[in-house]
Amino acid sequence: MTALLKVDQVDTFIDQFHILQNVSFDVQPGEVTVLLGRNGAGKTTTLRTIMGLNSAKSGSVMYKGEEITKLPAYQIARKGIGYVPEDQGIFGDLTVGENMRVAMQKEDDATKERMEWVLNLFPDLKTFWNKAGGQLSGGQKQMLSIARAYLNENELLLIDEPSKGLAPIIVEKVMDSIQQMKEKTTIVLVEQNFYMASQIGDTFYILDDGTTVHSGSMDELKTNEELKKKYLGIA
Amino acid sequence: MKQLNKMQLSTWVYLLISVLLAVVPFVYDNLSMLFLIVQIFIFGIFAMSYDLLLGYTGIVSFGHAMFFGVGAYGVSIVLERSEEPTMAVVILGTIIALGIAAVISFIAGILTLRLKSHFYAMLTLALAGLFLAAAEKMRDLTGGSDGLLFTVPEFFKDRTNLYLLCLSSLVVIFFLLRRVTNSPLGRVLVAIRENEQRTMSLGYKIFPYKLIISVISGVVAAFAGVLYAISIRFIDTTVFAVDVTLDALLMTIIGGVGTLIGPVIGAGLIEYAHHFLSSELADVHWIFERWVILFGTVYILAVIFFPKGIVGSIQGFVNKRKIKKQEQFDKKQSEKDELAG
Chain B
125 MTALLKVDQV
135 DTFIDQFHIL
145 QNVSFDVQPG
155 EVTVLLGRNG
165 AGKTTTLRTI
175 MGLNSAKSGS
185 VMYKGEEITK
195 LPAYQIARKG
205 IGYVPEDQGI
215 FGDLTVGENM
225 RVAMQKEDDA
235 TKERMEWVLN
245 LFPDLKTFWN
255 KAGGQLSGGQ
265 KQMLSIARAY
275 LNENELLLID
285 EPSKGLAPII
295 VEKVMDSIQQ
305 MKEKTTIVLV
315 EQNFYMASQI
325 GDTFYILDDG
335 TTVHSGSMDE
345 LKTNEELKKK
355 YLGIA
Chain G
216 MKQLNKMQLS
226 TWVYLLISVL
236 LAVVPFVYDN
246 LSMLFLIVQI
256 FIFGIFAMSY
266 DLLLGYTGIV
276 SFGHAMFFGV
286 GAYGVSIVLE
296 RSEEPTMAVV
306 ILGTIIALGI
316 AAVISFIAGI
326 LTLRLKSHFY
336 AMLTLALAGL
346 FLAAAEKMRD
356 LTGGSDGLLF
366 TVPEFFKDRT
376 NLYLLCLSSL
386 VVIFFLLRRV
396 TNSPLGRVLV
406 AIRENEQRTM
416 SLGYKIFPYK
426 LIISVISGVV
436 AAFAGVLYAI
446 SIRFIDTTVF
456 AVDVTLDALL
466 MTIIGGVGTL
476 IGPVIGAGLI
486 EYAHHFLSSE
496 LADVHWIFER
506 WVILFGTVYI
516 LAVIFFPKGI
526 VGSIQGFVNK
536 RKIKKQEQFD
546 KKQSEKDELA
556 G
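Quick note, the sequences are listed as chains B and G, same order. Each position in the first sequence, counted from 1, maps to that position plus 124 in our numbering. Each position in the second sequence, counted from 1, maps to that position plus 215 in our numbering.
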């Protein structure tokens, strides 16, 4: 099967720091690919590099067979890649409704349908439609951030640590929503919570010190205690 | 729906205030006070143009006076060269001034808006300095530091006419800019102000948005300059001074950044305080004559204690109360549900 996204030997620097060193992985359509690794392993930088928010010094990022490595972020987004950043990226002074509308690249029937679907998935967003984004709880912000990324006809969603800082009950809800989105789109998920990641992931890549060190199916990783202990600190 | 009603209500309130202000020259004929209010209207327009940049897009400019000065000089030069200034000459001068301001803001935007904010601020300061130096050197055109004295059509010599013209300009520009800030363009601008990278990753190319707002802001500032020149019938190079930009910054910050109406209130306070301190209280103590020192203190206090300005603080207070009420309502509702369950 042709990979939807192919990251090939990517090196990324932030100032003088060499963050990503020869990172390579493939994302197959319809799958949830999970990037795992300890703090500072380079997971967030990998997503930001794909999105064009950090520029790769060498290597290539191919999306649907097209080189997107040097494209600016807005062009990458228009090609159908949605991004849910670690800090959720909510516009605090805009209402929930305005946050949603500003994210809509088109106002066609398909987008309206997706809007309806996503509002059914996260009914809280409907309830707080006129509330300022900055006044939402952490969980609501996360839901809004995911909803925004889903609004457009994105074939690929990059989701960075959706469970971070959330109460367990909210985490379950967020993960459940990602599970439902999985039916409709391909996802690259960065997640520290291995239990959650293992529930929805199909394949995994482990990053360590900015390099991809292991990959395989999530079922394999679930049973590989040594790997989990060595790279994820899970006993 | 609720949002729409809130907006309609505020529109009616603003229109009512405008009508009340329109009556003022017919019931109060203190010329110096009317002149002061005209200045407040003009600087209100100027401060709103600054708010478009600072409040809605997060762009800090230290050279906004450049557009104010271009507008003021544009119309002044046309009027000064006209043997018999008519309304047509004023309109022509205004169109020329606004056209030049649009071109300059477009070019300045292309040259500077790609830079990071602090570089942009410094470059705009340098550009305004360049215009100040040019105005001083091009004596044949601008009169240099002696300035230009000119006459205006009879219509503008009537204080009531001038008052009503400036008031209606303020009202029309306020509603037009409010339309812009409440449009999809306005939402993208707020998004850019809050997080440029995030806005880009939603598929927006940032630069054209910044450029559009920079041109609109420049043209509105130039229009304020046009009104300023017509109101005092004299112009000199001080219109390009950095103080003019700092006044707009102060008006915007004290009134409330990103609120449009805030800068108008800020303009009222600053202009009135300026007038009151330098004329009424100057005899009481010399410190009041140095009103800049007092304004500096006010500025520091405003930034520390009221970073959202007057309107922003009021809005914040109202929002907090709303949230508290909502939370109390939610709590009661869940208690009821629990009891029912």
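In short, the hints are calculated from the structure, not lab data. Check each hint, because a few of them may be wrong.
Stated by the list, open to error - Taking CB as the label site, the calculated pair distances span:
#1 G:Q543 <-> B:Q316: 19 to 25 angstroms
#2 B:Q199 <-> G:A303: 44 to 50 angstroms
#3 G:S233 <-> B:Q316: 54 to 60 angstroms
#4 B:K308 <-> G:F334: 42 to 48 angstroms
#5 B:E307 <-> G:Q548: 17 to 23 angstroms
#6 G:G359 <-> B:D211: 41 to 47 angstroms
#7 G:V457 <-> B:F141: 45 to 51 angstroms
Just so it is clear, the structure is predicted and the values come from calculations on it, not from any experiment. Using N, Cα and C, we set each Cβ at its ideal position, and we do this for glycine too.
Now the hints, each set against the structure:
no.	hint	in the structure
1	G:Q543 <-> B:Q316: 19 to 25 angstroms	36 angstroms, violated
2	B:Q199 <-> G:A303: 44 to 50 angstroms	49 angstroms, holds
3	G:S233 <-> B:Q316: 54 to 60 angstroms	56 angstroms, holds
4	B:K308 <-> G:F334: 42 to 48 angstroms	43 angstroms, holds
5	B:E307 <-> G:Q548: 17 to 23 angstroms	34 angstroms, violated
6	G:G359 <-> B:D211: 41 to 47 angstroms	54 angstroms, violated
7	G:V457 <-> B:F141: 45 to 51 angstroms	39 angstroms, violated
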